[in-house]
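Line order of the protein sequences matches chains V and Z. Our numbering puts the first sequence at residues 7 to 133. Our numbering puts the second sequence at residues 9 to 174.
Hints are computed from structural coordinates only; laboratory data are not their basis. Owing to the predicted nature of the structure, the values given are computational and were not obtained by experimental measurement. Please note that a few of the clues may not be correct.
[Unchecked claim] 27 angstroms max Cα-Cα, derived DSSO-like pairs, lysine-lysine: (1) Z:101 to V:96; (2) Z:174 to Z:11; (3) Z:97 to V:36; (4) V:36 to Z:11; (5) V:36 to Z:162; (6) V:36 to Z:174; (7) Z:11 to V:96.
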Amino acid sequence: MTTLIATIAIALSLLIGTIFTLVAAIGLLKLNDGMTRLHAPTKAGTLGIGAYLLASMINSYTFGEGSLHELLIMGFLFVTAPVSANFIAKVHIHSRACMPPPPAPDDEIWSTLNVPEEDREIEEAKP
Amino acid sequence: MVKLFNWLLPHPSLTALLTLVWILLQNEFSAGMAVFGLILGILIPIATSPWWPDRPQNIAALRMAAYCFLVVWDIILANIQVAWIVLTKPNAKMKPAWIVIPLELRTPEAITILAGTITLTPGTVSADLSESGLSLLVHALDAEDPDAVRDEIKNRYERRLKEIFK
C-alpha cells in the first residue's frame with residue numbers, strides 16, 4: 007500500500023516538475039525582451055527542479071537507501087540561481103539592451119551604469 | 009577563555025552549517041564522518057575569517073527559519089501565477105516595469121538575502137544596487153501597479169529581515 011501511494015506521489019511530483027520546466031521553456035521562447043525573458047528560467051530553477059528533487063527523494067526512501075543529497079542540491083541552487091540572474095540583468099543594463107531603468111533616487115547612480123573617470127572615453131567611443 | 013572561543017570559532021553558526029553539509033554530502037551518518045566534518049567546520053571559518061571581518065552578529069535564528077518557510081511558500085504560489093501569465097497573456101498586453109526600492113537595510117548580508125529572495129520569488133528579478141547601497145533596482149515581469157509591488161516587498165520581506173538582522 008505504501009509503495010502504491012509513494013509511486014503516485016513520485017509520478018505527481020515528476021508531472022508538476024515537467025509542467026513548470028515546460029512553462030519556463032515556453033516563456034523563454036515567447037517573451038520578446040531580454041529582461042522579461044530572464045524571468046522564465048530563474049523560475050524553473052526553483053519550483054520545477056524542486057519538484058524533481060522531491061520525486062527523487064521519495065523514490066530513494068521507498069525503494070532503496072534514503073538519500074538527502076537532494077536537500078543540498080536545492081540549497082546550492084537557491085544560493086547560486088539569484089547570482090547568475092543578477093549578472094545577466096547587469097549585462098542587459100550595461101549594454102543598454104533593455105528599456106532604460108529610472109534614475110536612482112537621492113542623486114545616486116546605479117552601480118552598473120557608474121563608469122570610472124578614466125574609462126569614460128572608452129565608454130563614449132563605443133558605437 | 010572567551011578570546012580562545014572566539015579564535016577557535018569565529019563563526020559558530022558557519023561551523024554548524026559546514027558540519028551539516030559535510031554529513032549530508034556523505035549521505036550516511038557515522039561518528040567518524042561527523043568528527044571529520046567538525047574538523048573541517050572549525051578549520052574553514054578560521055582560514056577564511058580575515059576576508060569576512062564585519063560579520064553580522066545576533067541573527068535571530070528562529071525568525072530566519074520562519075522566513076525561509078515563508079519564502080518557499082511564496083515561491084510556490086507565485087510560480088503558479090507567473091506560469092499563468094506566461095501561458096495566457098499575450099506579449100503586447102504585458103507590462104514589464106522597473107521598480108525602485110529604497111532600502112532601510114544596511115548590512116550587506118541582509119541586502120544580499122533580500123535581493124536573492126526577490127529573484128527567487130517569480131515575477132521579480134533584482135537587477136542592480138545603487139552606488140552606495142541605498143536603493144535596489146528590481147525588474148517586474150508584469151506589474152499593473154509598480155508601487156504596490158514595491159510596498160509588498162518592503163512589508164513582506166524587508167520588514168522581517170530588519171527584525172532578523174538587528
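TODO: Starting from residue 97 (chain Z), check that the Cα of residue 36 (chain V) is at most 27 angstroms away, please.
DONE: Given pair residue 97 (chain Z), residue 36 (chain V) holds - Cα atoms ~10 angstroms apart, limit 27 angstroms.
TODO: Quickly compare the C-alpha distance for residue 11 (chain Z) and residue 96 (chain V) to 27 angstroms and report which way the hint goes.
DONE: Not satisfied, since the Cα-Cα distance of roughly 42 angstroms exceeds 27 angstroms.
TODO: Would you mind confirming whether the straight-line C-alpha gap from residue 101 (chain Z) to residue 96 (chain V) stays at or under 27 angstroms?
DONE: holds, 25 angstroms
TODO: Would you check the hint for residue 36 (chain V) and residue 162 (chain Z), treating anything up to 27 angstroms between C-alpha atoms as holding?
DONE: violated, 31 angstroms
Open item on the list: Against the 27 angstroms threshold, does the CA-CA distance of residue 36 (chain V) and residue 174 (chain Z) hold or violate the hint?
Closed with: violated, 43 angstroms
Open item on the list: Just to be careful, I want the Cα atoms of residue 174 (chain Z) and residue 11 (chain Z) compared with a cutoff of 27 angstroms; is the pair within it?
Closed with: This hinted pair holds, its Cα atoms lying about 23 angstroms apart.
Task: Distance restraint between residue 36 (chain V) and residue 11 (chain Z), which requires alpha-carbon spacing of 27 angstroms or less - done: Not OK: residue 36 (chain V) and residue 11 (chain Z) at ~59 angstroms, beyond 27 angstroms, violated.
Violation of the numbered hints given earlier is confined to hints 4, 5, 6 and 7; the remaining hints are satisfied by the structure.
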